[in-house]
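Enquirer: Residue strings, one per chain:
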Amino acid sequence: MDYRNAFAISASGMSVEKLRLDVTAANLANIHSGKKVDGTMFQPMQVISGEAQAGFSTQFEQLSGAELHGAQVVGVTTTPTEPHMVYQPGNPDADDKGFVTETGVNQVTEMVNMASALRAYEANVVAMNAAKTMALKALELGGS
Amino acid sequence: MVQKTEAVTNAMLKMALDAASLNHQAIANNIANINTQGYAPVRVSFEEQMDSIRETLEEGGKVKSDMLSGIQPVLVRGQPLVGDGDRTTELDMETAKLAENTVHYEALLKVVGMRMSMVNSAIREGK
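Just so you know, the sequences run in chain order A and B.
Using the numbering used here, you'd call the opening residue of the first sequence number 549 and step up by one each time.
Using the numbering used here, you'd call the opening residue of the second sequence number 2 and step up by one each time.
Careful: at least some of the hints might be erroneous.
To be verified - Think about it this way: if two alpha-carbon atoms lie no more than 27 Å apart in a straight line, the pair counts; the simulated DSS-like pairs of lysine-lysine are: (1) A:645 - A:583; (2) B:63 - B:98; (3) B:15 - A:566; (4) B:128 - B:63; (5) B:98 - B:111; (6) B:63 - A:680; (7) B:111 - A:685; (8) A:583 - B:98; (9) A:685 - B:63; (10) B:111 - A:583.
In case anyone wonders, no lab produced these hints; they're calculated from the structure.
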């Protein structure tokens, strides 16, 4: 059993889901952020992931049938969202009506993304543990 | 004579172990891409290739080693599922398949171990 590839596949999935969790945390951390110093607003981010393709060095491995490489991060994009207005007359950033603009991070969306990333991460851990169990069982062959 | 019949069983066991190992990688790949949009899940084609051998055994025939020549576990790429949302593979189904595959692999290893102990017993003249 080529357990190294099995571990690599699960590890790639784990790293993608970890980044998703990091990005969700960053979005949640900025949930009440107002304008930045340069006047722009924080835009909620989103991880785009795709299936990992073989690099040049691993092209040769495809001949031996190892053509699965797990997942990879394609990019992190920002999703333009409408900022919402909060009534805070005492805030120095408030406009003449007393409203402050805050980022349009949707708390519900972020919590759902977080739960989904967490479950996906756990599933990858389960797959990796299964690979470990299988490899260790194979090592016991001819032992007793 | 013994060697010839043993060779077919050993070759089949080896292929079945390879298939289970590849199947694990396919399932792990599906799980790793659980949030990938437009991902086409992979599976392993092996057991359907063994149908002819199963039929031969059911009819009371003997399996010859040349019957195994074209059989090899291969990866098959499925169609990307178009469902609601961006989910293309089902996490619970993949986890269930993973658990089943692990048990299957361990069962195969047990058979290999039992065959080994049989040979061992023959070497020790049944003592």
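Enquirer: Could you work out which of the previously given hints the structure breaks and list their numbers from low to high?
Expert: 2, 3, 4, 6, 8, 9, 10
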